[in-house]
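Participant: Given next are the chains, with one letter for each unit.
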Amino acid sequence: MTLDRVNTNGGEGLTLRSQMSELARICPWIEYLAKRDAISEETQFAINLCLEEALSNIMRHGYAEAPNCEIEVRYSMPQTGVFLFIIEDEAPSFNPVTALEPPIPVSLEDSTTGGQGIRLLKHFADTLKYEATPTGNRLSISFLSAAGMKR
Amino acid sequence: MQLAMEELDGGVTKVILDGRMDIAGAESVDLKMNVVAGSKKFVLLDMQKVSFIGSMGLRSLFSVARTIKSRGGKIVLFGPDELVEKVLKTSGLDALVPIHHEFQTAIAALQ
Chain A
1 MTLDRVNTNG GEGLTLRSQM SELARICPWI EYLAKRDAIS EETQFAINLC
51 LEEALSNIMR HGYAEAPNCE IEVRYSMPQT GVFLFIIEDE APSFNPVTAL
101 EPPIPVSLED STTGGQGIRL LKHFADTLKY EATPTGNRLS ISFLSAAGMK
151 R
Chain B
152 MQLAMEELDG GVTKVILDGR MDIAGAESVD LKMNVVAGSK KFVLLDMQKV
202 SFIGSMGLRS LFSVARTIKS RGGKIVLFGP DELVEKVLKT SGLDALVPIH
252 HEFQTAIAAL Q
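Protein sequence lines correspond, in order, to chains A and B.
Numbering-wise (our numbering), the first sequence opens with residue 1 and increments by one.
Numbering-wise (our numbering), the second sequence opens with residue 152 and increments by one.
To be clear, the hints were calculated from the coordinates, so they are not data collected in a lab.
Heads up, the beta-carbon is just placed ideally off N, CA and C, and yes, glycines get one too.
Take the hints with a grain of salt, since some may be wrong.
[To be verified] If you only want the chain B side, here are some residues facing chain A, beta carbon under 10 angstroms, derived:
#1 178
#2 207
#3 210
#4 221
#5 235
#6 246
#7 248
#8 250
#9 254
#10 262
One chain only, chain A, in its complex shape (with noise of 0.2 angstroms):
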């Protein structure tokens, strides 16, 4: 497995091209890390689902489907048992763990708006936290092991 150097603090990680195809990098990324690293099945679930929904977000709407933009994702663990990833881009200011959700469809005529993704993000992550950067971005994702986590 090649993974770009990743020049920031530290950790390792991705650079991203804003186009869909690019999220086939991340479940085999994530497989690799997981043997390395022992992530539980049941986690890296959950970091694959809420890396598909934010990158796919900022790919959609951050940059509206801009192809040649980056993003990238950086991956480390600060402590054991917690595992971090930090996703940058340079789109216009967006904060997930601010935005509304949707209410959750009371019927399923009702059930044509999104925001699905916004509510899986908060959901599956163990914690969430949102900076704005001089350029974009700065969201950080973190899972815990199976001791102590939330879900």
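Following the hints, position chain B against chain A.
Facilitator: Structure of chain B alone, referenced to chain A:
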């Protein structure tokens, strides 16, 4: 993601999904799902082999269910694994489309 269909007794169509219902997976079966929604009336959506589902997969399920219901039909979700079911419950889909883990009760719900 793969989609296969099987016609069962009593006018029930079993739709078998196999794979990841991520963005790419949902797109790959979108056309076939629309055909099912527009042509079948009693649908058992077999999710036993669905290993992942995200918001695009949910959107597809909501859309199929909405269309089938608007045509006077019924749909049930059969056998999602624990993690997939958590996603379905988080979205609220489980309150609108029944989830069953026993085949006979799933079939009975379509009668």
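Participant: Checking against the hints above, which ones are violated?
Facilitator: 8, 9 and 10
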